[in-house]
Amino acid sequence: MPGDAALEVAIAAKLYGARPVLRDVRFRAGAGEVLALLGASGTGKSTTLRIAMGLDTEFEGHVHRPPGRLGVVFQEPRLLPWLSTADNLRLVADGAPVSDLLAEVGLAGAEAVMPRALSLGMARRAALARALAVRPTVLVLDEPFASLDAQRTAALATLVARQARAQGITVLLATHDLAPALAVADRILVLAGHPATLQADIPRTEYPDAAALRGELLARFPFLESVAEEPA
Amino acid sequence: MMVRVAAALRDRVVSLLALLALWWLAARIAGTPRLLPPPEQVLAFLWHGLLAGDVARNMGVTLLRVAAAFLLSMAVGSAIGYVTGRHRRADALADPWIVVALNLPALVVILLAYVWIGLNELAAITAVAIVKVPTVIVTVREGARALDPGLEELALAYRLPPLRRLRRVTLPQLAPYLAAAGRSGLAITWKIVLIVELLGRPDGVGFALNLLFQDFDVAGIIAYGLGFAALMLLVEATLLQPWERRANAWRRGA
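Sequences listed follow chains B and L, in order. Using my numbering, you'd call the opening residue of the first sequence number 1 and step up by one each time. Using my numbering, you'd call the opening residue of the second sequence number 1 and step up by one each time.
Think of the hints as simulated: they come from the structure by calculation, not from any bench. A quick note: this is a predicted structure, and the numbers were derived from the prediction, not measured. Some hints here could point you the wrong way.
Claimed, not checked - Short, incomplete list of chain B residues facing chain L, as computed with Cβ under 8 Å:
| # | residue |
| --- | --- |
| 1 | Leu15 |
| 2 | Val21 |
| 3 | Leu55 |
| 4 | Val72 |
| 5 | Pro81 |
| 6 | Val134 |
| 7 | Leu182 |
Claimed, not checked - From chain B, some residues computed to sit far from chain L (all C-beta separations above 12 Å):
| # | residue |
| --- | --- |
| 8 | Arg23 |
| 9 | Phe27 |
| 10 | Gly109 |
| 11 | Ala131 |
| 12 | His194 |
Even for Gly, the Cβ is constructed at its ideal location relative to N, Cα and C.
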């Protein structure tokens with residue numbers, strides 16, 4: 001039985017037409033837990049996230065989300081171009097401390113800026129601020145660090161992890177980049193195969209340090225190396 | 001920028017004055033003021049009519065009919081256009097009706113409305129709305145088809161309340177299509193209202209045109225025609241265009 005505060009995803013099968021894309025992808029995540037979902041592009045990471053969010057309901061299995069709001073960062077920032085950056089945050093969360101949230105993602109003073117004047121990296125950070133603005137119980141991030149430099153990625157990943165622990169947010173992070181996953185995730189999930197199955201669910205605490213976990217992951221899943229080197 | 005605008009305005013004024021001069025010249029050469037009255041005769045008709053009150057009254061009545069038919073056709077057409085643009089099944093079911101309605105002669109609709117509903121205001125406004133609704137549907141349907149699915153998903157994921165989703169996410173995307181439907185809608189609506197009035201109303205510009213036609217009063221016909229066209233241009237410039245500019249402001253300014 002899923003605890004009320006836990007996110008549970010149990011996908012027995014997901015088909016696109018007649019083609020199975022996911023099989024037996026099952027995981028649970030408690031409050032404040034950060035899960036990183038790794039896999040080559042096209043393995044079904046985004047599909048898994050869409051199912052977890054409730055945007056895709058055509059699958060065999062079930063999803064349980066804890067009560068409360070969902071924060072989402074899609075692969076594209078998806079800011080409404082006709083609203084200022086601050087209004088994009090207010091759209092989903094009335095009365096959120098917009099200026100503080102923007103400052104936390106490194107966008108201090110950008111309240112009145114229209115989205116088209118933001119770089120892709122800035123827009124991604126605004127989208128992250130928007131996700132945090134709803135004070136989510138579950139935060140789903142689909143490649144949130146693509147097109148950000150290593151330093152910015154590390155800073156934002158740390159911010160996500162800190163918020164997750166402080167506010168008890170369950171985080172589901174799909175990424176092609178091993179570095180932020182190793183830096184912040186409590187557990188690392190690896191999707192692989194055709195149809196994709198969950199081939200690893202490794203608690204970070206089982207390894208003395210990130211380097212050891214990285215070594216183990218690369219040994220078991222050599223494709224992660226090339227995935228990690230792929231440009232965004 | 002300002003210089004370019006001023007130059008464009010000057011060209012327009014010059015062009016308009018040239019048209020007036022040409023009209024005046026043609027009336028002079030023809031020498032038959034009953035068939036082709038010069039501009040000053042038309043202006044005099046308009047002036048006396050305005051002083052007597054009948055021109056303003058007829059134009060007011062017509063304006064109210066235009067407003068009612070316009071609002072009705074925009075509301076109904078936008079709603080159907082949105083639904084058919086979003087749901088393939090609804091579109092498949094409605095499309096043949098829309099095609100038939102688009103190709104129905106306005107005159108036939110007006111005559112049938114008068115026969116079926118009666119020679120009254122309801123029939124007049126319904127007839128105009130029926131003629132106009134299909135073009136609104138087609139334009140707004142196009143807009144609904146072009147809605148960004150990514151933004152719809154965003155609204156869904158963040159569980160935006162329906163009204164906020166409509167106001168903040170959907171309507172801004174539909175605004176250019178609504179504006180286009182509105183502009184072409186107004187232009188078509190008022191011309192159909194005149195026919196409706198000519199055929200079966202006891203007042204309004206169309207009714208007045210009918211009386212003037214029976215007297216072969218060309219000055220009056222031109223005066224009413226140009227006078228009401230000017231009024232409609234004014235409505236477009238002071239109501240529709242500013243609204244359209246506001247709705248699209250985010251596309252220009254950063």
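For each hint, the structure was consulted:
{"no.": "1", "hint": "Leu15", "in the structure": "20 Å, violated"}
{"no.": "2", "hint": "Val21", "in the structure": "19 Å, violated"}
{"no.": "3", "hint": "Leu55", "in the structure": "6 Å, holds"}
{"no.": "4", "hint": "Val72", "in the structure": "4 Å, holds"}
{"no.": "5", "hint": "Pro81", "in the structure": "6 Å, holds"}
{"no.": "6", "hint": "Val134", "in the structure": "7 Å, holds"}
{"no.": "7", "hint": "Leu182", "in the structure": "27 Å, violated"}
{"no.": "8", "hint": "Arg23", "in the structure": "25 Å, holds"}
{"no.": "9", "hint": "Phe27", "in the structure": "20 Å, holds"}
{"no.": "10", "hint": "Gly109", "in the structure": "15 Å, holds"}
{"no.": "11", "hint": "Ala131", "in the structure": "9 Å, violated"}
{"no.": "12", "hint": "His194", "in the structure": "26 Å, holds"}
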